[in-house]
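J.: Residue-level listing of the chains:
2 protein chains.
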Amino acid sequence: MALIVQKYGGTSVGSPERIAAVADKVARMRAAGHDMVVVVSAMSGETDRLIKLAKSVHPEPPARELDVLLATGEQSTIALLSMALNRRGAEARSYTGHQVHILTDNVHGKARILDIDDKRVRDDLKKGRVVVIAGFQGVDEEGNITTLGRGGSDTTAVAMAAALKADECQIYTDVDGVYTTDPRVVPQARRLDRITDEEMLEMASLGSKVLQIRSVEFAGKYRVPLRVLSSFEEGPGTLITYEEDEMEAPVISGIAFNRDEAKITIRGVPDKPGIAARILGDVGRGNINVDMIVQNVGADGTTDFTFTVHRADYPKALEILKQVAQDLKAREVSGDDKIVKISIVGVGMRSHAGVAGTMFKALADEGINIQMISTSEIKVSVVVDEKYLELGVRALHDAFGLGEAPAQGSPAKGAARS
Amino acid sequence: MALIVQKYGGTSVGSPERIAAVADKVARMRAAGHDMVVVVSAMSGETDRLIKLAKSVHPEPPARELDVLLATGEQSTIALLSMALNRRGAEARSYTGHQVHILTDNVHGKARILDIDDKRVRDDLKKGRVVVIAGFQGVDEEGNITTLGRGGSDTTAVAMAAALKADECQIYTDVDGVYTTDPRVVPQARRLDRITDEEMLEMASLGSKVLQIRSVEFAGKYRVPLRVLSSFEEGPGTLITYEEDEMEAPVISGIAFNRDEAKITIRGVPDKPGIAARILGDVGRGNINVDMIVQNVGADGTTDFTFTVHRADYPKALEILKQVAQDLKAREVSGDDKIVKISIVGVGMRSHAGVAGTMFKALADEGINIQMISTSEIKVSVVVDEKYLELGVRALHDAFGLGEAPAQGSPAKGAARS
Chain H
1 MALIVQKYGG TSVGSPERIA AVADKVARMR AAGHDMVVVV SAMSGETDRL IKLAKSVHPE
61 PPARELDVLL ATGEQSTIAL LSMALNRRGA EARSYTGHQV HILTDNVHGK ARILDIDDKR
121 VRDDLKKGRV VVIAGFQGVD EEGNITTLGR GGSDTTAVAM AAALKADECQ IYTDVDGVYT
181 TDPRVVPQAR RLDRITDEEM LEMASLGSKV LQIRSVEFAG KYRVPLRVLS SFEEGPGTLI
241 TYEEDEMEAP VISGIAFNRD EAKITIRGVP DKPGIAARIL GDVGRGNINV DMIVQNVGAD
301 GTTDFTFTVH RADYPKALEI LKQVAQDLKA REVSGDDKIV KISIVGVGMR SHAGVAGTMF
361 KALADEGINI QMISTSEIKV SVVVDEKYLE LGVRALHDAF GLGEAPAQGS PAKGAARS
Chain C
1 MALIVQKYGG TSVGSPERIA AVADKVARMR AAGHDMVVVV SAMSGETDRL IKLAKSVHPE
61 PPARELDVLL ATGEQSTIAL LSMALNRRGA EARSYTGHQV HILTDNVHGK ARILDIDDKR
121 VRDDLKKGRV VVIAGFQGVD EEGNITTLGR GGSDTTAVAM AAALKADECQ IYTDVDGVYT
181 TDPRVVPQAR RLDRITDEEM LEMASLGSKV LQIRSVEFAG KYRVPLRVLS SFEEGPGTLI
241 TYEEDEMEAP VISGIAFNRD EAKITIRGVP DKPGIAARIL GDVGRGNINV DMIVQNVGAD
301 GTTDFTFTVH RADYPKALEI LKQVAQDLKA REVSGDDKIV KISIVGVGMR SHAGVAGTMF
361 KALADEGINI QMISTSEIKV SVVVDEKYLE LGVRALHDAF GLGEAPAQGS PAKGAARS
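The listed protein sequences correspond, in order, to chains H and C. In terms of this note's numbering, the first sequence is residues 1 to 418. In terms of this note's numbering, the second sequence is residues 1 to 418.
Hints in this document: simulated from the structure, not taken from any laboratory.
When chains are identical, the list treats them as one kind, so a pair holds in a single copy or across two.
Computed list of lysine-lysine pairs in BS3-like fashion (alpha-carbon distance at most 27 Å, straight line):
no., residue 1, residue 2
1, K272, K322
2, K110, K165
3, K52, K25
4, K55, K25
5, K25, K119
6, K338, K316
7, K25, K165
8, K338, K322
Based on the sequences and whatever the hints tell you, model everything.
T.: Structure representation (structure tokens):
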């Protein structure tokens, strides 16, 4: 019999009927003898409703008070789920973030978990109770209510699993696992049985929003066995593993893409120390996050510098850059918000050469021009014209054989070596 | 500059616009230099919405979990009011029942306040902050969320005022004070400037639902200066005082009535010890509260026994009494749910004779037959046919001169002496 921490997101508990379905599932597992801890989010739509309410009394609600308001969302869900469990004969107890003392720093709206007091939870489990915990929320050292930011319930579940040394942390979502790429773009996309935490991080940061990035980092730090499953269909989901466990990782696990970026280029800036810092410093002070940064070797004492930002920040970033260009006497500033980033991700590429070559050839064969390239240890990203998104992702999915079932000496590896 | 605790009920904070109006008022008083503590209820309709939600997952929601759910109602309001105050430049901090450690017993849904830790509130007041506290809720010794029952926010405000030794506790409602009687029945009804806590208790228990009874008891125990005001109109409201402060209390302060009762009579029961206990015991075991009880001296070794119950309990009580009558070989059981109770209330009647006589004469002059009479130290109640409610209340209001402004040697006293 295992100790299992489950997390159900907003759509999974979005109505009394859905809550009843979750209660059925949890009560069955408790009846089968498992120790059950359940972390829940606010019912879908509730957080938006509360934010709207807050804005009706204050255009920029103070962060401390917004957290007090938002925390009511999960508090409602824990009460309702506990009631539904009790009705099914599974004795259940609900706890807010404060009640199980999920201690966080005091950064309202984006707090980080520092510590969890698991005594109360362990006591309840010993008594055979199901423990239902409000995700997304905690308290700081002074007892103020904090929230972890959107998607923070995943982090609560992982942190709770780490504190309890749970056998598995199961994140229930509206998809049945992590896919080789978005099935809406590539119908042959395949659910992965396993993926490493590092790959998951790269996939997540690239827009595959199955899990919150911080929860995956947290899981990696404490080696929490983490599984993503569907709350609406039966199935094994995708298990997140840690690299040392993996004897035969495929070279490429998946293809991620991001349609939300725009690129900005500044040409003919002096090729000397401090220039990149100057440019990004001004952008950063504008509260704009920069994603990819590419600078090529210069000529004639000048160089070109290109970076990508979120598309929503594009006009503001372009404005800032025009001022910077004037100050630096740069030759020109240009930009393009009709781009996409496509990335191949896989821990196997660390030990296998030729992966980037396969990628570039596959894109070239389709006549797709690459505008920017950026690489990390387990990822190669390219920026291309947005009209090539579907074509490019499908070509890469084929080139790395991702649609086929994995096996020893898998096709993915063969493709990567070609 | 005074330390003032204010309480705003559900209708007073029922919408963002209403919350803004409350924030205006509180911010003005803070700007005038007062130390302000504000206790709020859930927005009107919210508690009913939550109860409905609970019943959709459990027909009889477990009390512990229902309290977790209901407590979100006030938590939302404190956050919203604090935001609105901050927007008006009045630095404000919200606190849930747990955060200011309103310690209660563990009777979920009807908890009683045992202790309040006022340190945090005092610290905030010293820093010039407005403190906004969730009414209606607390925590038990184990940290479980409890609620005080409907209207419990009044009790929270009074308890907080007692703990802080506030100069005044102001309860804002949708009426502008306590009236000599219901103005819908007697247009000449007059707002009382002052009323004693005992009178207020009698008025409240008789259906003048301005303040929760427990909050008045609490206020009396700690001699908290308590004022009832309207949140929608300006005005001095009604101040609840304590008898020793009152040199010249009017004989009769008000006329209360209750339309929600029914009477049951059992005739010809043996006139011997233990009979009343037997009858009321069976009724009590049926979870039925009994209000008035009248037993007259018997004759021929038997006696008659009459009592009133809530009208909703009438059929069940009648059923129980029929069984009791059989067991006791009583002559007859009869009942009537077309009755009302009318009461005159006033601490002055302790020291003034003839009050009951004035009452009975006023009713007799209108041809109203009195079915039952019951008296306490500061109250005389009669049961009459419900068709006489308006006529009876108006006759009494006139007889005791309640429509006229009070003065030294007030008309009320004159009337009482006549």
